[in-house]
Amino acid sequence: MTTSRRWFMQECGVGMGALALHHLMAEAGVAAPGNEDPLAPKKPHFDSKIKRVIYLFMAGAPSHLELFDNKPQLTKFDGTLPPADLLKGYRAAFINPNSTLLGPKFKFDRYGKNGTELSELLPHTAKIVDDLTIVKSMSTDAFNHAPGQLLMNTGNMIFGRPSFGSWVTYGLGSESRDMPAFVVFSTGKKGPSGGNSCWGSGFLPTVYSGVQFRNVGDPVLYLSNPAGIDNQLQQETFSTLKRMNQLRLESIGDPEISTRISSFEMASRMQVAAPDLMDIRKEPQHILDAYGAEPGKPSFANSCLMARRLVERGTRFVQIFHEAWDQHGALKRDLPINCKDTDQACAALVTDLKQRGMLDDTLVLWGGEFGRTPMTQGGNDGRDHHPNAFTMWMAGGGFKPGLVYGETDDLGFNVAKNKVHVHDLHATILHQMGFDHTKLTYKFQGRNFRLTDVHGNVVHELVS
Amino acid sequence: MLRFLLFSALSLTTVIAQPVDFIRDVQPIFAKSCLSCHGEKSQQAGLRLDAKALAFAGGQSGKAILPGQAGDSPLYQRVAGVGEQARMPMGGKALPADQVEILKRWIEQGANWPDAASASGAAIKKHWAFVAPVRAPLPAVKNLPWVRTPIDRFILAKLEHEGLSPSSIASKTTLLRRLSLDLTGLPPAIDEIDAFLRDPSPRAYEKQVDRLLASPHYGERWGRHWLDAARYADSDGFEKDKQRSVWFYRDWVINALNRDLPYNRFLIEQLAGDLLPNATQEQKVATGFLRNSMINEEGGVDPEQFRMESMFDRMEAIGKGMLGVTIQCAQCHNHKFDPITQEEYYKIFAFLNNSSEGSLAVYGAEEEMQRANLFRKIREIENELQHRTPDWKSRMAKWEASVKDNQPNWVVPKVEIDDISTGGQKYIPQPDGSVLAAGYAPTKFRVKFTITTKDTNIRAFRLELMNDPNLPLGGPGRSSKGTGALTEFEVEIAPASNPKQVRKIKVASATADLNLPERELDAAYYDKSTRRRVTGPIDYAIDGSDDTAWGIDAGPYLRNQPRKAVFVLAEPIGDPNGLIIDVYLKQNHGGWNSDDNQNHNLGRTRLTYTTSEAAQADPLPAKVRELLGQTTRTPQQDQLVFNYWRTLVPEWSEASRQIDELWRQHPESESQLVLAERGDMRQTNLLLRGDFLKPGKAVEPGVPAFLNPLPPNAPRNRLTFAQWLVDRQAPTTARSLVNRVWQSYFGTGIVSTSEDLGKQSDAPSHPELLDWLAVDFMEQGWSLKKLHKQIVMSATYQQSSQVTPELLEKDSANRLLARAPRLRVEAEIVRDIALAASGLLNPRVGGPSVYPPSPEFLYQPPVSYGPKIWKEEKGLARYRRAMYTFSYRSVPYPALQTFDAPNGDVSCVRRSRSNTPLQALTTLNEPLFIETARALAQAAMREGGKSDAERLTYAFRRVMTRTPEPKEATELLGLLERQKARYTGAGAHLGEVQAWTAVSRVLLNLDEAITKE
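If you're matching them up, the sequences are chains A and B in order. Position 127 of the first sequence, counted from 1, bears residue number 144 in our numbering, the numbering being contiguous throughout. Position 591 of the second sequence, counted from 1, bears residue number 613 in our numbering, the numbering being contiguous throughout.
Calculated from the structure, these hints are not laboratory results. Check the hints yourself; a few may be wrong.
As the list claims (entries may be wrong) - Distance condition first, Cα-Cα at most 20 Å in a straight line; then the derived PhoX-like pairs of lysine-lysine:
#	chain 1	residue 1	chain 2	residue 2
1	B	989	A	259
2	A	456	A	66
3	A	456	B	85
4	B	126	B	115
5	A	314	A	206
6	B	716	A	105
7	A	460	B	781
8	A	371	A	68
9	A	206	A	357
10	B	608	B	466
11	B	74	B	85
12	A	206	B	550
13	A	460	B	85
14	B	470	B	528
15	B	436	B	448
16	B	608	B	448
Assemble the whole structure, with the sequences as input and the hints as a guide.
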């Protein structure tokens, strides 16, 4: 067994992608592979403030101008053309950039101890605003959805790069013995523009890619026993398979067979654990009410609640894609609908984690792939894509509660102060997870790749 | 201390006083203190300071010299001992302060380094992979009797050097299963196993090799490998991820491998098949390789931006898949590690940049025959007409003269297009005054073309629908058939002095060169309304109805001709002080979902006007009009004019009717994305930081200096580039391919980083073997089948894969190959083994991709961005080999994705091989896997013999090839008995089926079942 343990150490590490949690291996009565299993918990470069992440991805790009970034000047100049020098070199997706300005369509007020400005559309967020770090000076490079979502999720506008969640899983491993380390939900009107690549593992081993969960029925594909196969038979199948595989292991000696044995054992445990995870009827009524979740009815709220249940069970990274925010038109009709669908559950999630003492080492991250133009698109009820400035918020994980960081100019067009680029955000979150973002690397095609590519600076002002 | 400061200040002054001279001041410092580690003999950390280009390229940690920025230059930091890194020279005395200052000032003054003061290119030792391979001599070995082929000499020599011995030969059943999986991706059938076991011939194994190499499934198995590198998928990618038609390319790959098309030809046809003399349909289809890039048609994209993305993707696919060198780093800057500069990257780019991206109508063998017949019959009728009418040429000339000048003058105005009105579609202006629709394709919109003119007396507009190589099947429309429909043509005017004073102008009449009878829209354009939506004659474009449109779908082939319509205004318009004319082209005849292939838009259009009275659409096809009266015409051109003219000759009306009838029999085509060369040369610029908005200097097509040179005097086009890539002197092309084939057999390549043989690659485990194989491959005519045979005939390949503690201890990664590898098979083969073992497999080769069972919700929002088509196969197509599964890039087929199949986003030459619980759930519970377990159970009961033991052996052999060991049989029969016992009485037969299904399910889920041993 010594030799196969060494074999595991050298070969089952990153690159071969075999899965074997060592405590499971111990159960299976075969060699414990030490910490070389690709999903075994790993220590980062330094102490981490964040152990897990729940990323509420508002795909389609919400309007910062209607939700967070109040611009009275925009109201004042509504219907007039923006200053010409502002538009020099500016590219827009649909509109001629030289379109008239559009004043904010909803009212703002001040909330919380710090009197933070927020839109009337976010009454629940208003109640937790003192727990949030709001960054009004986000900026990105992309102004089309798919490239924008890829940049936000993988640090690059092109396909084929590992996602944020897979980097984190690669760096920290998993703490769950019966749930995937990286779980993804999709709850909006449609799937995200970047598709599976938003949670893919790129060139990292595939064990690090996100696993898509549904929030009704079987959360994972092929979880339930097929028709005609009852639990007794399924258990007999598992045990026969185990004995047969062990016979083969004894005869041919390939340690990969023991990895296969433990994969089947974890599959067996998932069959039990996943339905339990999904069964939110087990939550007390006041929790269901707080989120606005209804058992059996798929919603963003249900997914938020399941996200909490997952991180409680050791899942490292949960990401909810809510694709609904692309308001080229019908801003006045659709934005309130989107906020109604999401505002309450976002706030409940933060409150719930806080009550459980989990907010200190869990990061909740909220935001889309870019912002929206101060200029109107077609009439006076829509905004085009805008990469120069937008807003995101964070809660927990050592981000400073109550901080509003960065400013945009009077029109909400450009960042005026303390710009935070997507790469800076990634660098800062990785820093909070205990990583020097320049050293969390993976060698591929002769080069050490990283989430932040060759960019990114930690924004120390955001964190304590 | 004071003295030291004084000294520094003094020397500083001296140095500033005169500029640093590289040869006089700097080179001696390098020579004395640096070159022993960073010179010709040794390049510690990859840095070399005796050759200018290499010195500036830097080493493994990046650039060492940043001209003008001494403080940031690692060279200065290291010799000065500032920063965190150890001081240089490593392990030696620090440089004197004045020398440090000289280096600092030299860098600060721009690091001027005369070219002459550099080691010459020839003197620089090249990285091994950049020198053309030569056939290495076979090494001496002790255990000669073990050796079967030259490969074994290389493997054995190394094993003997390491004190290891090879393993014994694998059992016959293991060998046959291994060979079948490797060469065809399918396990052997029982009669094949029996035939091999019974064959006493010493050539028994070789006969199996030859049989399997001749199998049509060989092309499938190895074709799938190539499709990874070719990033093949059946959809566009990005958010819409629409279906695309590219399976003719996939089948071309399979067929090319099956007929053992030499690998050099294989590459040439994929890069430049269209440029070969008399290029066949197949050769054009092969360029689909370059078109497997993703296409982004989300709203608001700039088509040029994503054309550039496609270009970068092609470069990467060529680099990874063909060249074996990662060139894409040089897209934004000079390559840090390999000697390719950014300019050289764009020189290769320039070879590929001069192309258009459309699709080709392609035909299967049967349709090709029909077409040939059809054209022959038409030609016969026309020949007969010409034969019967000896003076046809003069009659035609007379007609030509009569119509040559009968067209009014059409003014081509400058057209502005209103951004909002396009619905997100982009219009690219063309040199002839037309515009090409591109990017997002809305299905319902009303685009506004604005003309501002001082012309007066404008009486009519002409709208030309033109072909373009970038449109589907050449257009003239944007639908997947290359058609379009014009719902309404509307005109408004306003004086330039008062743009708000808009007045609608009525169109009095319209004519077109094609007026088809009314026809209901195809199902593809269903818009969820209950209205009867039709296409028909040109009047439908001016009838004020949104439900009727002018249609141009005249049937296969004819639908892709250019068309034109003329719209006569009810009153002449014009204003000498300027008039704004808004022409609206309403295109409302698409389907409900603009995220799918439901657009019915016009493609390339040109709007012109005339002051002439009574203008009408010219009935003559544009091509015929161009040829009128031309004196130097080819016979083909004469024939083209004749084709039209004969329709006007009254006494030939019956013949023309017959020809029309024949045209109606023209078969429908499939389409295939292809690349085609453009007429005028597109200029290529280096793109600063790879940004298409920041063009740098113009570059000409060329190749990197560190690789083999281009043939002199060859034209600088894609074909030359392709030929260069497969030149005998190309150092990496053959090596990269044989390395990947080796990787597929043995799990790891001779160079483990199979996507990159450059300087950052891992060192080859058997460098001489790699070169020997590469040279042998080329000298055997680049034959892939010969390469496969060379490998599988070796003793190395035929070893047992038994793992012993000794081997794990000494060579855990099995790079030395003292045993055969034991590898989980690839995703598609996991599925194919179950299908084949169960007897369900449908062995058909090629054809459109299929839809095996998959959860429907994956193809609907919110999981998918838009609704996707997944018509689950109910017939035999359900059981096609997994490689034919329709592949959406954004929604990969789950049972394949779970086993690490790539989704085609980017070129992939090395799959990962994971082992996860999701895989266990898939093979246990996925519906098609369950079907295979049932089918295997039924086969065992039907054909396996009388006793349970016989049946078990039968089922076991179908999956594992070998027979079960007694302990295994006991285990499985025990399961069978326990399951049978759960059913008694009337349920007994059903119970038996269930029990056998349970056993079959275990067999198909065993580690061994999905492993090549």
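We went through each hint and held it up to the structure:
no.	hint	in the structure
1	B:989 x A:259	holds, 14 Å
2	A:456 x A:66	holds, 18 Å
3	A:456 x B:85	holds, 18 Å
4	B:126 x B:115	holds, 18 Å
5	A:314 x A:206	holds, 15 Å
6	B:716 x A:105	holds, 15 Å
7	A:460 x B:781	holds, 14 Å
8	A:371 x A:68	holds, 15 Å
9	A:206 x A:357	holds, 14 Å
10	B:608 x B:466	holds, 8 Å
11	B:74 x B:85	holds, 13 Å
12	A:206 x B:550	holds, 19 Å
13	A:460 x B:85	holds, 19 Å
14	B:470 x B:528	holds, 16 Å
15	B:436 x B:448	holds, 17 Å
16	B:608 x B:448	holds, 15 Å
Of the numbered hints stated above, none is contradicted by the structure.
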